[in-house]
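**Q** Following the hints, complete the assembly by docking chain B onto the known chain A.
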Amino acid sequence: MGNFDRSMSLAGEPPKALNTGQKLAVLVGMTGMGILILQLFNLNLGNSALWLTISIVAIFTGIIWFSQAAYAHKHKGIKNDGVWFKSISSRGVLAWMGGIALTGFYIVLYFYPQYLGLVKDGDNTGLIALFDPLSKGLSGNPASQWFVYGTMYTVAILAFGAKFIWKYRHNKYEQLRTVSVMFFQTAFAFFIPEIMARLNGDLPYYDLKNMWPLNYYNFERYRINGFIDSGSVGMTMLFFGIISIFVISPFLTYKYGKRWYCSWVCGCGGLAETAGDSFRQLSDKSKFAWKVERWVVHSVVVFVTLMTTAVIYSYLGNDSSKYWLTKTMFISGVAVILTAVFAWVMIYKREELAKDAKYGAIGYFTIIAVLIGMHFFSDSANIFIFKAETLRTTYSFLIGSIFSGVIGTGFYPILGNRVWCRFGCPMAAMLGFQQRMFSKFRITTNGGQCISCGNCSTYCEMGIDVRAYAQKGENIVRSSCVGCGICSAVCPRGVLKLENGPEKGRINSQDVLLGNDVDLMDLVNKK
Amino acid sequence: MDHIVIIGNGISGVTLARHIRKLSDKRITIISAESDYFFSRTALMYVYMGHMKFEHTQPYENWFWKKNRIDLVNGFVEKVETDAKKLVLKDGSSISYDKLIIATGSKPNKFGWPGQDLKGVQGLYSKQDLEMLEKNAPNKKVCNRAVIVGGGLIGIEMAEMLRSREIPVTFLVREKSFWNGVLPAGESAMINEHILEHHIDLQLDTNLEKIISDENGRAKAVVTDKGETIECNVVGLTAGVTPNIDFLKDSGIELGRGVKVNRFLETNVKDVFAIGDCAEQHEGIGSRRPIEAVWYTGRMMGEALAQTICGNPREYNPGHWFNSAKFLDVEYQTYGWVFSERSKNDNEHHFHWRHASEKICITVAFDKDSHQFLGLNTFGIRMRHEIFDQWLTENKDIDHVMTYLKDANFDPEFFKLYEDEIIAKYNADFNKNISAKKKSWKRIFSIA
Chain A
1 MGNFDRSMSL AGEPPKALNT GQKLAVLVGM TGMGILILQL FNLNLGNSAL WLTISIVAIF
61 TGIIWFSQAA YAHKHKGIKN DGVWFKSISS RGVLAWMGGI ALTGFYIVLY FYPQYLGLVK
121 DGDNTGLIAL FDPLSKGLSG NPASQWFVYG TMYTVAILAF GAKFIWKYRH NKYEQLRTVS
181 VMFFQTAFAF FIPEIMARLN GDLPYYDLKN MWPLNYYNFE RYRINGFIDS GSVGMTMLFF
241 GIISIFVISP FLTYKYGKRW YCSWVCGCGG LAETAGDSFR QLSDKSKFAW KVERWVVHSV
301 VVFVTLMTTA VIYSYLGNDS SKYWLTKTMF ISGVAVILTA VFAWVMIYKR EELAKDAKYG
361 AIGYFTIIAV LIGMHFFSDS ANIFIFKAET LRTTYSFLIG SIFSGVIGTG FYPILGNRVW
421 CRFGCPMAAM LGFQQRMFSK FRITTNGGQC ISCGNCSTYC EMGIDVRAYA QKGENIVRSS
481 CVGCGICSAV CPRGVLKLEN GPEKGRINSQ DVLLGNDVDL MDLVNKK
Chain B
1 MDHIVIIGNG ISGVTLARHI RKLSDKRITI ISAESDYFFS RTALMYVYMG HMKFEHTQPY
61 ENWFWKKNRI DLVNGFVEKV ETDAKKLVLK DGSSISYDKL IIATGSKPNK FGWPGQDLKG
121 VQGLYSKQDL EMLEKNAPNK KVCNRAVIVG GGLIGIEMAE MLRSREIPVT FLVREKSFWN
181 GVLPAGESAM INEHILEHHI DLQLDTNLEK IISDENGRAK AVVTDKGETI ECNVVGLTAG
241 VTPNIDFLKD SGIELGRGVK VNRFLETNVK DVFAIGDCAE QHEGIGSRRP IEAVWYTGRM
301 MGEALAQTIC GNPREYNPGH WFNSAKFLDV EYQTYGWVFS ERSKNDNEHH FHWRHASEKI
361 CITVAFDKDS HQFLGLNTFG IRMRHEIFDQ WLTENKDIDH VMTYLKDANF DPEFFKLYED
421 EIIAKYNADF NKNISAKKKS WKRIFSIA
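In the order they appear, the protein sequences are chains A and B. This note's numbering puts the first residue of the first sequence at 1, with every later residue one more than the last. This note's numbering puts the first residue of the second sequence at 1, with every later residue one more than the last.
Bound conformation, chain A alone (with noise of 0.2 Å):
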């Protein structure tokens, strides 16, 4: 392959081949992935526990094995040698093959469930079939195409975690923050929800870490419904879903920055870091991408907004003495909850909003309209002229399908490994909003050390252009920012830190000393 000219002319032939036990492991692996392919066909291979066993393993054993095969015989330290030679992580023919097979399989996933055997009123067929006995072990229901997903999905990120902190061993905190997400996913989002519905078929199937805006069907009626109907259980839960909005998520944020949650605990983050680790060097770090993913991913937290203030005001009635809360009552309570904070920050954080403040603005003023309109000019199902029923089947298609599974994953290998928790994930957004606002995290930079050589923004996975702040000895405060550490880590001058300090003192815009006298800094800084 013409490696040649891809990277720009000064790197030629690749220096990395693949050693023979790497490619004794792509075998296993992919045998493992052949057995699902042949089952996707149909083709049945009778005996489904064992097969599906069978096919688990190998793909395990191939992907750890490879990472063994590559990590073990080195030194501890930054292993990037090669990333930009290797067609699957430049933008080469196998990161197109990956990208479209990956995009493929999430649109059939999404849209065309019966092509992976998936059957109505019936026993499943071919790829679901496989999955059915582990499906039936574990909540005594047939696999659905998201329990295929779903077991998927934790295997790659505990097979690619695995990888993960082979190839970061040295550094404790990436070592801690993969298990963690290892551990979030297989507990929280795998087991524990398979298990309960095993316990109490009302309850909805509820991934507890996963919480609302990007669990944007939280609030939905059939969920509402299920909660209360099944007692005490389901009110908690209803209520944990409530307060992880308003009190934990805020406390968390305060207390550690929006990592606490994007690189420790959430699901997209967990594959977006191990799966998705051979990617992060691919997202945009222009400042045109930074324009469009400030102006996308707050209209999506507007649009979610709105989507779930309609939906629970279309199943809410309007008499008070039937139901404590009526519609007046909730549209009253969002609007003055929306202009609290809007207030609080334009009193208490406009310096620090400045640039930002007409986003915010706009977004506010945008949801208010609305919200008024909502509720004195249509009739009980109406926003203006949508339903509310259309506007929630419009984001789920386009931001729960489209946007987080078919480009934000599909995409990986084209634009990296966070487009999803970048542009389109409202959760990120409103953490972000947090962590820019009110938090004690920060990433300090190291007074004058920083040699601009640019591994921490080419590895920085959210586009961020991080040298642009380290070379002028500035904190990185951004509200993108998920805390992965790798700057951090990639940095060979030791220049980077992730800090919980005090909030006093955290965005300084002096530029700190970059070596010259301090009389001389003290006039720079001024002008």
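Hints listed in this document are in silico derivations from the structure and should not be mistaken for laboratory results. Just so you know, these numbers come straight off a predicted model, no measurement behind them. All C-beta atoms, glycine included, are put in the ideal place defined by N, C-alpha and C. Keep in mind that the hints are not guaranteed to be accurate.
[Stated by the list, open to error] Derived list of chain A stretches under chain B, where covered just means 3 residues or more per stretch with a C-beta under 8 Å from a C-beta of chain B:
(1) 40 to 54
(2) 71 to 81
(3) 452 to 458
(4) 462 to 476
(5) 498 to 506
**A** Chain B only, in chain A's frame:
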């Protein structure tokens, strides 16, 4: 309006241009024959190793220059006519200036070795050097072995680069231990070990005698002063750098090894200045050398000169010495002065601690009589720049540094901390009874 012309688009020239633009509206032109846009040459190694593409080494997007009205000229300056205030370029065109700044950096040293100009023999400094290395050593099939001559920072980086493509490397170092003119013995010994761990054939106390040519004028082997002949396809010359100032010979600008400048970075000719690697102070500032080919000093000179040019005459007055590097997998930082056995004076004493199994160590220099803290070298532990700067300014003694060492740690969260171990060794070595104070944000921030 003043026309400021800067020759060289490295860190000093570009820092100067940026700061002039911050402070004024002057017309600015940067001339470079090396690259169209500013890039970080310290990152060239990562391009060869495949960590980054060349464009990633450019700190500013390409639109930045036009937006900030900094004109970029791709050209090679052949002659400076200071009387006419004019530059003549290789293509015959000329550019006139009101103020001229020479920021042309360095070129690799060549000490007159026989065969030093053969094909396959090269240094590693410029973008062109990297392109040449790509041709000379694209992989281990084309390059069966490389010999690197010169035991410094560029040499070890070049060895790391070649090893990333599994090319066998022989590393000839004149000294008895790697970089021991700069590093104290314990540290130098540790890096020797680390070099060997990376399967680099380190030959200490060995000089290059000559480079032998094949029938096509390409290097095919080197002969050492130990009488050994080492077959190779590439010879890396990394025995330091020299100011890149050949084009100034007949300009009337006073030259030593570099362009002679005073503390205002002025040359002997009015309106001509020099900064960065190519500038030579008449006398070293403090313990510094007259020429400092270091990224950070280039940047500081750029900042200082921008003030002078914009009407705030400022001496170049570098603060406390600091530097950093990475030896393969081991990070190195230094604050203040820690001299090697070869160059330290009788009053400079060292406290050295090294981890039992990892490549981690620190050395603290202090005055034998006053116990004043002089400086610190750290390997494999990151330290906070501001804290050491403050301690040096306040002339703290070594006991104070040890007591509050936890404040200075800059390693990522959850990393193992070694302060207690370090302080225990300090107490044992000097019969002291220091106990470490817990890290305090309050102290760190009242300082920073």
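**Q** Next step is simple, just say for each hint if it's right about the structure.
**A** Here is what the structure says about each hint:
With 0 residues bearing a CB less than 8 Å from a CB of chain B, the stretch 40 to 54 of chain A misses the requirement of three and the coverage assertion fails. Coverage of a stretch by a chain is defined here by at least three residues with a beta carbon nearer than 8 Å to that chain's beta carbons; for the stretch 71 to 81 of chain A and chain B the count is 6, and the condition holds. Given a C-beta distance limit of less than 8 Å, the hint that chain B covers the stretch 452 to 458 of chain A holds, as 6 residues qualify and 3 suffice. Chain B is given as covering the stretch 462 to 476 of chain A, and this holds because 3 residues of the stretch bring a CB closer than 8 Å to a CB of that chain, at least three being needed.
Residue count for the stretch 498 to 506 of chain A with a Cβ under 8 Å from a Cβ of chain B: 6. That meets the three needed, and the coverage hint holds.
This entry does not satisfy hint 1, going by the numbered hints stated previously; all others are met.
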